[in-house]
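There are 2 protein chains.
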Amino acid sequence: MQKEKIKTFNEINDIFYPKSIAVVGTNNVTGSVPYDIFENILHDRFQGILYPVSPSEKNVTSVKSYKYVLDIEDDVDMAILVFPSSVAHLAMEQIGQKGIKSMIVISAGFKEVGGKGIEREKKIKEIADKYGISFIGPNCLGVINTDSKCHMNASFARAMPEEGNIAFISQSGALCTAVLDYANAKHIGFSKFVSFGNKADIDEIDLLNYLKDDPKTKVILMYLEEVTNGKALMEAAKKVTAETGKPILAIKSGRTAEGASAAASHTGSLAGSDEITNAAFEQAGIIRCENLEEMFDYAKAFAYQPLPKSKNMAIITNAGGPGVLATDKAINSGLSLGKFEEATTRILKKSLPAAANIKNPVDVIGDARADRYNVAISATIKDKNIDGVNVILTPQSMTEIEAIAEDIVKVVNRSDKPVYTSFMGETDVAKGIDILQRNNIPHYILPEDMVKAMSATTKFNERLKERSESKIKQFSDVNKEKATKILDKAIAENKTYLPEEEAVKVLKAYNFPVLPNGLANSKDEAGKIADEIKYPVVMKIISSDIVHKFDIGGVILNIQNREEAEKAYKQILKNVKKAMPKADIKGVFVQKMVEEGQEVILGLKKDNSFGSVIMFGLGGIFVEIFKDVNFKVAPISEDEVDNMIQSIRSYPILTGTRGSIKRDIKSLKETIQRLSQLAIDCPQINELDINPLIVRNEGNGCFVADTKIML
Amino acid sequence: MQKEKIKTFNEINDIFYPKSIAVVGTNNVTGSVPYDIFENILHDRFQGILYPVSPSEKNVTSVKSYKYVLDIEDDVDMAILVFPSSVAHLAMEQIGQKGIKSMIVISAGFKEVGGKGIEREKKIKEIADKYGISFIGPNCLGVINTDSKCHMNASFARAMPEEGNIAFISQSGALCTAVLDYANAKHIGFSKFVSFGNKADIDEIDLLNYLKDDPKTKVILMYLEEVTNGKALMEAAKKVTAETGKPILAIKSGRTAEGASAAASHTGSLAGSDEITNAAFEQAGIIRCENLEEMFDYAKAFAYQPLPKSKNMAIITNAGGPGVLATDKAINSGLSLGKFEEATTRILKKSLPAAANIKNPVDVIGDARADRYNVAISATIKDKNIDGVNVILTPQSMTEIEAIAEDIVKVVNRSDKPVYTSFMGETDVAKGIDILQRNNIPHYILPEDMVKAMSATTKFNERLKERSESKIKQFSDVNKEKATKILDKAIAENKTYLPEEEAVKVLKAYNFPVLPNGLANSKDEAGKIADEIKYPVVMKIISSDIVHKFDIGGVILNIQNREEAEKAYKQILKNVKKAMPKADIKGVFVQKMVEEGQEVILGLKKDNSFGSVIMFGLGGIFVEIFKDVNFKVAPISEDEVDNMIQSIRSYPILTGTRGSIKRDIKSLKETIQRLSQLAIDCPQINELDINPLIVRNEGNGCFVADTKIML
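Chains as they are written, first to last, in the numbering used here: chain A, 1 to 711; chain B, 1 to 711.
Among the clues, some could well be false.
Intra- or inter-copy, both count: the list cannot distinguish identical chains.
No more than 27 Å apart at the CA atoms, straight line, and that leaves these computed lysine-lysine pairs for DSS-like [what the hints assert, rightly or not]:
1) 495 <-> 482
2) 431 <-> 186
3) 339 <-> 708
4) 459 <-> 627
5) 67 <-> 534
6) 111 <-> 473
7) 534 <-> 508
8) 116 <-> 495
To be clear, the hints were calculated from the coordinates, so they are not data collected in a lab.
Between the sequences and the hints, there should be enough to build the whole structure, so can you do that?
Here's what the structure looks like:
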């Protein structure tokens, strides 16, 4: 599904900043959604005017109510619809007539219930389009804007969150309530908070595009259940990071989807929806989080503190054990413990007791009071070799928990380097944690989580710095027309896959390194073709009825001379006749055989959401057992193709290290780039395997030995 | 280091259950360790008599004090030593004279500070041994026993934990304070809580052995920084699980130790201390946890609820999103969502609204009140196809959080199946969570953590059921004397490794499938040997000065006849002379060459703590890039050797699936078992590589093609 048009900044902004709101369908039943929403907007101090619209009530709470939205004498900026879905379209008509252009549809009973609900959703969308209305929902919890200029809690959440610079947008409304409760207890504030439900009009792409330009938002969090338009999502996300450097953290559920279970091609069976999501998010710079805790662990770090300028960090602790655990995690997640400058070491030596460890990780020892922590943090944060400080505290009987927290706040306010904290425990450390959280110092119960968050911010910053405009190579020596014609013809003939001979023609049109070949219809012809292309050759049956040629004796390898060639032709026909007497045979394909080289597999799979995805890996055991393959969404840029090749684990086999032979990686790269171009030019291709592609010694190119194209 | 003698139950029990305690070295300085300990014992209602001993005070708090422990007129069961380390030995002498046999040494300043501290620790241990004293510490937080019969808080922790059936023993005192704080807030109770510090006398092995028989303990948690005696730890842990089925959960820090960085053998470089710890814990049935949170997540499940009888579980949720996340995690961690019986489906269909999902995972929908939850939980827990129920709740405005929690408690009390819960959020759900926690229902903020815990308890139960007495094979056709003689001679000659010819003799003494071979000292001799053992052969230089024979042309492969053999002999000597003119040459080793077969690698490495560790993996790329190897601590039982072979990822290459050839796994297994026996019989071997061992087709055995032994 293609996204027709992204909403403008103002279309979305009008929903977040209305000057007047009509709650259409509200009532006086406390505890019901129609009442709770009205009550929330009213009592959470909305800065504009609020109109209740109710067919039966004279007033809602003590506010004068209107029977119809058309009865309101003033202009209204936004409507919130809470009528049952069965009558929603009637109210929507009137909202349109009233000239209201912004809406939130809270009501459920639409697409999510199937049947009539789908019809109802279509209908309200039509009415909205007719009147030029932009709306969020239906089937959502609502929208919250903490900005004091507006201060709108247009949701039925239990409590309004604090103001902050984190935006949260979610496809699940139920999850929103849990998130708000969790965040409020930890003083995590939000700029905008959106439950977008069935996204019949405004979706996550519109919202990303808006939040990019929202000055109140520094970090964007997303919870997605299905990505309807992956391509557009990737584009929007890339723009956010490229133009503003705002990080996007996302949870996408459905990691064990069965999509990948049964597929005709290797690529198809390996490219599960989860692998594709991982690849796409990575390419788009979206940080995929495992769960809500990880998401907020990272969000706090991104939102509250500057990004670490390098991976060199310090750990300060009053307990050896947790210090070791944090160090382990730091090393394992790609950080390193910086070596202190002499000046730092001098200060630590002078101010800490002899039993303290003055090297990184610094151990101020269990009986440390606030002074030792203060010295250690102040000294290390000034150190040129340190770009981030992680403070661990365990509550000993003499530990001055609150004083230490206050000292940390002061140090952080004077520095442009990030400080994260882990006060371990719960009740005893609660007051200290509260001081940290209220002053925007990221806090984590576990030291390992603290360090993991610093790894995430460090990596994001490294990638921001590296990100340059990597070009997508366009080959001009390709014949799109020819390839399209072959594919379209097969589709017109209701074929679900191309016979190898045709598939090879498609590849040839895109100048893939296809081996010399020909189609034979007699043993003489087979012999002649083989003589021409020179021995050894391989022969394969060509028939639209036969997919697994190998299994029925339809392939003979390593044919060395004319005599063997003619014999092989006859043998293949005999084998096929025996196994599949009714198969429609087009001939026998004769192809040059390459023996020497490393077998790799290239593939293509069309994903409904993200479009064509390219796969690369080493062949045989590496793909079958170790699943050592990489995916990228096409088109693939120069940098991405390099990364794709270099980041499989078995890459050293291609580079000639450890006794293996150096292979022609340059030609491999070009072949992947051609596949990327083919994927974009010919979306008719549903799945494609090149298995194997034989990559020869450096300078000697690579060759397509076998290919399969599914339509 | 060998553990001489494990403490008896009573020796440890006397420390946990004294009838009278002397706190030796206490004072009236509030906030100091010597005072805090006394104060804690007194005010946490110790059930026996407490004597302060202080050289300077007449009374501590309002309790009459004694100048020396010898001054106390009554018998004293236990002493707690809090004097500075410099005078600890003097006090200890008196404690010994007083006839006290149980002690806790809280004082720091011993082994952990090095230098004089080491001497001091030795000294107090000597005094203890002289008087037959058993003691915990030094350098520890103390010991807590929540049993109401004793109720002893002999620690300087801020608060005493609740009574419970979880025991916690820790090498880090500082971590203990964090753990207590964390656990108290979550109403996690403990049976025994021990900070054992430097473990100069009583160590984790003694404590495991005690806790095995402690009727108050159901689950054992351990935090270790170094394992001094791994063998004994494994034995003790195996006994705990075998005799009582009590699970042991452990955190072992130091996962990124550098131990594995530089080693002479392949095995040496792959067997880092962390891999060895993993293997040893796994063999001993110890569940290794990543961090404290995971440890307590699992501990709650083990301590509070029956073990799940199968992996078939149900999920009940009022929010789709978290339901999907939990389902994903369940599948990924080896659980499965059971299919409901018809009766269950009927009840759910009747009682839940039409929009609800009545299949597993059950979605009772966002507006569910207590009744729907109650129906769903009661019905699914009775279902024969379900052995565990996971309940997810998100706080919607109408959710009856406390009522649902109370209903869960009731259902659990009537059932013998486990129920775990995840009430998502924090403040809104706090009262509900409190009800669950006070009633021993495991609760997790994240549904994923809930499901992960159920996976852990399920796997533990499966293993308990499987665990049978698996025998260790003992070969009688081995010549230990001969192997020992060769090794001892080399050690006497200060050699650090055995020349291949000698190494092969050691393997031959243990009846490894060594290829026919001989040592030649002239080209004629080489030719004769080759003729005898039949071609093709391989020749290799033998010299104690040359470790990397290949690199200097000291090996020639694939010698096909007499002429080539004589030529190869000369060539090897020429190559070696050129590269290492001063090398002391013992001759040229002629060995039968096996071409066909799968190359695997076997190895052995001696670990200071766990003893000899055996390694197995496929050779070449699989070990070098994918590190696809398994480790087991020797001796290896029948079951363990099977598991070792079958659980490498590349195992299918050996079984003949996916087009590969079926190899002689039986002979491979026997060879590993022989290596295990050699490792136990000859601890002189420091590292050993058999690389490659060539495993031929089924029925055709395997052969040692190259070996290296380090002393």
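Outcome of the hint check:
1. In this assembly of identical chains, residue 495 and residue 482 lie within 27 Å of each other by CA distance solely inside one copy; the values are 18 Å within and 72 Å between copies.
2. With identical chains, the CA atoms of residue 431 and residue 186 are at most 27 Å apart both within one copy (12 Å) and between copies (17 Å).
3. With identical chains, the CA atoms of residue 339 and residue 708 are never at most 27 Å apart, being 55 Å at best within one copy and 39 Å at best between copies.
4. Taking the shortest alpha-carbon separations for residue 459 and residue 627, both the intra-copy value of 25 Å and the inter-copy value of 26 Å come in at or below 27 Å.
5. Taking identical chains as interchangeable, the C-alpha atoms of residue 67 and residue 534 are never at most 27 Å apart, the minima being 88 Å within one chain and 105 Å between chains.
6. Neither within a single protomer nor between protomers do residue 111 and residue 473 lie at most 27 Å apart by alpha-carbon distance, with minima of 42 Å and 65 Å respectively.
7. Within a single copy, residue 534 and residue 508 get their C-alpha atoms as close as 20 Å, which meets the 27 Å cut-off; across copies the closest is 52 Å, which misses it.
8. Taking identical chains as interchangeable, the C-alpha atoms of residue 116 and residue 495 are never at most 27 Å apart, the minima being 36 Å within one chain and 85 Å between chains.
Checked against the numbered hints given earlier, the structure breaks hints 3, 5, 6 and 8 and satisfies all the rest.
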